[in-house]
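Student: Spelled out, the chains give:
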Amino acid sequence: MTGIATAPNDRGHRTNAVEVRGIVKHYGSTKALDGVDLTVREGTVLGLLGPNGAGKTTLVRVLSTLIKPDAGTAFVGGYDVLRQPKQLRRTIGLTGQYASVDELLSGYENLYLIGRLLDLSAKESKSRAGELLERFSLTEAARRPAKTYSGGMRRRLDLAASMIGRPKVLYLDEPTTGLDPRTRNEVWDEVQRMVGEGATVLLTTQYMEEAEQLANELTVIDRGRVIAGGGIAELKTQVGGQTLQVRPVHPAELPEMARCLHETGLRATFSTDTGLLSVPLTADDQLTTVIGVLGTRGFAVAGIDTLLPSLDEVFLAITGKPAAAAADTAPTLPKETVA
Amino acid sequence: MSAATLAPGHLDDPRIGLRANLRHVGALTRRNLMRIKADPESMLDALLIPIIFTLLFVYVFGGAVSGSQQDYIQYMIPGLLGTTGLNLAMSVGTGLNSDFQSGVMDRFRTLPIGRSAVLLSKIAAETCRALVSFTILIGFAMLIGLQIKTGILELLAAVGLSLVFGMSIVWISMLLGMSLRSVQAVQGLGMLVIMPLQFGSSIFAPTTTMPGWLQAFTEYNPLSALADACRSLINGGPLAHSVTVVLVCSAVITAVTAPLAVARFRKRT
Numbered sequence: 000m001t002g003i004a005t006a007p008n009d010r011g012h013r014t015n016a017v018e019v020r021g022i023v024k025h026y027g028s029t030k031a032l033d034g035v036d037l038t039v040r041e042g043t044v045l046g047l048l049g050p051n052g053a054g055k056t057t058l059v060r061v062l063s064t065l066i067k068p069d070a071g072t073a074f075v076g077g078y079d080v081l082r083q084p085k086q087l088r089r090t091i092g093l094t095g096q097y098a099s100v101d102e103l104l105s106g107y108e109n110l111y112l113i114g115r116l117l118d119l120s121a122k123e124s125k126s127r128a129g130e131l132l133e134r135f136s137l138t139e140a141a142r143r144p145a146k147t148y149s150g151g152m153r154r155r156l157d158l159a160a161s162m163i164g165r166p167k168v169l170y171l172d173e174p175t176t177g178l179d180p181r182t183r184n185e186v187w188d189e190v191q192r193m194v195g196e197g198a199t200v201l202l203t204t205q206y207m208e209e210a211e212q213l214a215n216e217l218t219v220i221d222r223g224r225v226i227a228g229g230g231i232a233e234l235k236t237q238v239g240g241q242t243l244q245v246r247p248v249h250p251a252e253l254p255e256m257a258r259c260l261h262e263t264g265l266r267a268t269f270s271t272d273t274g275l276l277s278v279p280l281t282a283d284d285q286l287t288t289v290i291g292v293l294g295t296r297g298f299a300v301a302g303i304d305t306l307l308p309s310l311d312e313v314f315l316a317i318t319g320k321p322a323a324a325a326a327d328t329a330p331t332l333p334k335e336t337v338a
Numbered sequence: 000m001s002a003a004t005l006a007p008g009h010l011d012d013p014r015i016g017l018r019a020n021l022r023h024v025g026a027l028t029r030r031n032l033m034r035i036k037a038d039p040e041s042m043l044d045a046l047l048i049p050i051i052f053t054l055l056f057v058y059v060f061g062g063a064v065s066g067s068q069q070d071y072i073q074y075m076i077p078g079l080l081g082t083t084g085l086n087l088a089m090s091v092g093t094g095l096n097s098d099f100q101s102g103v104m105d106r107f108r109t110l111p112i113g114r115s116a117v118l119l120s121k122i123a124a125e126t127c128r129a130l131v132s133f134t135i136l137i138g139f140a141m142l143i144g145l146q147i148k149t150g151i152l153e154l155l156a157a158v159g160l161s162l163v164f165g166m167s168i169v170w171i172s173m174l175l176g177m178s179l180r181s182v183q184a185v186q187g188l189g190m191l192v193i194m195p196l197q198f199g200s201s202i203f204a205p206t207t208t209m210p211g212w213l214q215a216f217t218e219y220n221p222l223s224a225l226a227d228a229c230r231s232l233i234n235g236g237p238l239a240h241s242v243t244v245v246l247v248c249s250a251v252i253t254a255v256t257a258p259l260a261v262a263r264f265r266k267r268t
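Residue numbers (numbering that gives the first Met the number 0), protein chains in the order written: chain A, 0 to 338; chain B, 0 to 268.
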C-alpha cells in the first residue's frame, strides 16, 4: 500500500506488539482482507474503525490463529501467526463480539477452567477467578450458570476470561456493541485499567466515540482495505471534529438563525424535519461565537448538544462518499488521507 | 522485523508436555461432567434407555422369540450390553457439534492447549456416562432375572469389549459431528445408521428365521459378533471367533476412519 497504513512513529524505544503486512484473506471470490498493513506499538491501544463487513473480525481471527491468511505476514509479540501459533496463543487474550463463555457453567467455573488451561495451578486459578469476578462486579452471580446472566454480564465475563492469563496483547472485537451505556462505561474503565497495567490492545469498533475514548491511534478500514490511519487528533482535524446541534423553541426561525450564523462565517445547516440547526465546529472558540450570535439576535433555544462525527461522517470526510459506497472506488484515495 | 517486536522469553517452547496435556484433558473432562450436572436431563437417555429397552423387548418379544422370558433375558441383555458403547460413541459426535457451534470452541482454540485435549476430554466424559448406563442395565436386568453364569471378570470383559467397539465408532461419530450443520442432523443421521445395524444383527433375535439376504448381512454385521461375544462372556460358550471378529473390525474401522476424523478435526480447529 502507499504508506497510509501507519502514522510515522518513533522507533527509538517503542517496540511493536502487532505487525501486520499485506494480509489477504479470500472467501470464495469475496476479499475479506485485501492487503492490510497495520502496526500496534507496545503498550498502546489501536482502534480499528470500520462498518459491518469491513474485515475487522476477520483480521482479529487471523491474529488469534483461528483462521489462516492467504497471503501476507503477521507477528504478534514477535511470533509469526503461521509458524509459531502455539507460542503466539500464550501471549494473547480474545474477547469476541459474541461472548464465548460456557452457558451451562457458572461464571466462576468458566474462569477457573480457563486458568487451568493456561497452566495456572489450581490455587492460582481459583484466586485469579475470584479476583476478576470481583473486578467485573460479578461476585454475587459467581455461582450461577452463565445462561442466567444478562447480555452485559456475559460480556463482562467474556472480558474477564480473556484477561485470566494476563495477556500481553488483548484483542477486543466490538466489545461494547449492543451494551447499554452504563455497562459500556464499565467495559471502557476495565480496558483503560488493562492498558494502565501495560497491555497492548487492538480494539475493533463501529463507534467513533469508543475509538476516541480508548485508542491512541486509529486505523480506518473498509471492504478489507486500510483507507486511513493516524493519531486521533490528526484524524479529527481531517474529519472536522465536533458538530454543534441547536434546537430552537420556534422551528420557523431555523432559516433566519442559519442566515445570521452564515454572516459570522459559520457553515450552519438546518433541517425542518428534525427541527435542528447543525454547525460544524472547527475551532475552539466557535461554540461561544454561536451562542453569542444566537443570544444577541434574541432567538429562543430549547436545547443544545455537541456531537462527535459518526462513522458515516468519518467515511464521508475521508473518501467523499458514505461508508457503503466508499469501497467501490476505494483504490484512488485522496492525498490528504496520509496522516 | 523481530528485532522491533517483543522479546520472546520462556514462552518460546512450542511443545506442550505430557503432564500439561493430562492437566488440560482433566480440566476439560471436569468441564464436560459439570455440564452434565448442570443439565441433568441430558442423563435421561443414559439412565432410562437401558430400562425401557429391557422392559419392552423382554416382555413384548421375549416369550415369542425365546419361548420364555427368562431365556430371552439371557439371550438379549448381553447383546444390549454390547451396543451401549455405540450410544456413547454417537453422543461424542453430537457433543462436538454443539461445542463447535458455540463460541466456546473459539476460546479453546486461542488457548495454548493441544488440539487433542478437547477430543480426549469429550471421550472421557462420555465414557463416564456409558459406565452409568452399563451399571443401570446390568443392575436392572439382574433384578428381573439375569444370571451371570460365568464371573465378574467375564462381565467386565464384556463391558470392556463394548467400550473397545464403541471407541472405533467414535471416529465415525466425530466425522458426522464435524461435517453436519446441526445437532439434530447428527442425531438423525446417527439413528439412521445405528437402527439397521442394531436390528439387522443377532442382538434381539436369532438370525435363523431371517431371509437369506438379511442373514448374509447379519453374518457380516460386527454387532452380531459383538452380541455373540458378550453372550458367551455372560452365559459361557465359545469365545475365540466372535471376540477376534470384534477386535479386527474395531481395528479396521479405526484405521480407516480415525485419520479422516483427525484430519477433519485439525482443519476445523
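These are calculated hints, taken from the structure and not from any lab test. Do not rely on the hints blindly, as some may be mistaken.
List time: in silico DSS-like cross-link candidates among lysine-lysine, alpha-carbon distance up to 30 angstroms [to be verified]:
id: 1; chain 1: A; residue 1: LYS167; chain 2: A; residue 2: LYS125
id: 2; chain 1: A; residue 1: LYS122; chain 2: A; residue 2: LYS30
id: 3; chain 1: A; residue 1: LYS125; chain 2: A; residue 2: LYS85
id: 4; chain 1: A; residue 1: LYS125; chain 2: B; residue 2: LYS266
id: 5; chain 1: B; residue 1: LYS148; chain 2: A; residue 2: LYS146
id: 6; chain 1: B; residue 1: LYS36; chain 2: A; residue 2: LYS67
id: 7; chain 1: A; residue 1: LYS85; chain 2: A; residue 2: LYS30
id: 8; chain 1: A; residue 1: LYS146; chain 2: A; residue 2: LYS122
id: 9; chain 1: A; residue 1: LYS67; chain 2: A; residue 2: LYS85
id: 10; chain 1: B; residue 1: LYS36; chain 2: A; residue 2: LYS167
id: 11; chain 1: A; residue 1: LYS85; chain 2: B; residue 2: LYS266
id: 12; chain 1: A; residue 1: LYS122; chain 2: A; residue 2: LYS67
id: 13; chain 1: B; residue 1: LYS36; chain 2: A; residue 2: LYS30
id: 14; chain 1: A; residue 1: LYS122; chain 2: B; residue 2: LYS266
id: 15; chain 1: A; residue 1: LYS146; chain 2: A; residue 2: LYS125
id: 16; chain 1: A; residue 1: LYS167; chain 2: A; residue 2: LYS122
id: 17; chain 1: A; residue 1: LYS67; chain 2: A; residue 2: LYS125
id: 18; chain 1: A; residue 1: LYS30; chain 2: A; residue 2: LYS125
Note that the coordinates shown come from a computational prediction; the quantities given were computed from them, not determined experimentally.
Student: Look at each hint and say if it fits the structure.
Tutor: Verification of the supplied hints:
1. A/LYS167 with A/LYS125: holds (21 angstroms)
2. A/LYS122 with A/LYS30: Status violated; Cα separation ~46 angstroms.
3. A/LYS125 with A/LYS85: Roughly 25 angstroms separates the two Cα atoms, so the pair holds.
4. A/LYS125 with B/LYS266: Given pair A/LYS125, B/LYS266 is violated - Cα atoms ~33 angstroms apart, limit 30 angstroms.
5. B/LYS148 with A/LYS146: violated (49 angstroms)
6. B/LYS36 with A/LYS67: violated (37 angstroms)
7. A/LYS85 with A/LYS30: OK: A/LYS85 and A/LYS30 at ~27 angstroms, within 30 angstroms.
8. A/LYS146 with A/LYS122: holds (26 angstroms)
9. A/LYS67 with A/LYS85: holds (14 angstroms)
10. B/LYS36 with A/LYS167: Violated - the C-alpha atoms of A/LYS167 and B/LYS36 are around 35 angstroms apart, more than 30 angstroms.
11. A/LYS85 with B/LYS266: Within the cut-off at roughly 16 angstroms; holds.
12. A/LYS122 with A/LYS67: Roughly 36 angstroms separates the two Cα atoms, so the pair is violated.
13. B/LYS36 with A/LYS30: Roughly 44 angstroms separates the two Cα atoms, so the pair is violated.
14. A/LYS122 with B/LYS266: With a Cα-Cα distance of about 35 angstroms, the restraint between A/LYS122 and B/LYS266 is violated, given a limit of 30 angstroms.
15. A/LYS146 with A/LYS125: Answer holds: A/LYS146 to A/LYS125 is near 21 angstroms, not above 30 angstroms.
16. A/LYS167 with A/LYS122: Given pair A/LYS167, A/LYS122 holds - Cα atoms ~22 angstroms apart, limit 30 angstroms.
17. A/LYS67 with A/LYS125: Measuring from Cα to Cα gives roughly 34 angstroms; hence the hint is violated.
18. A/LYS30 with A/LYS125: The given pair, whose Cα atoms are some 44 angstroms apart, is violated under the 30 angstroms limit.
In terms of the numbered hints stated before, the structure departs from hints 2, 4, 5, 6, 10, 12, 13, 14, 17, 18, listed from lowest to highest.
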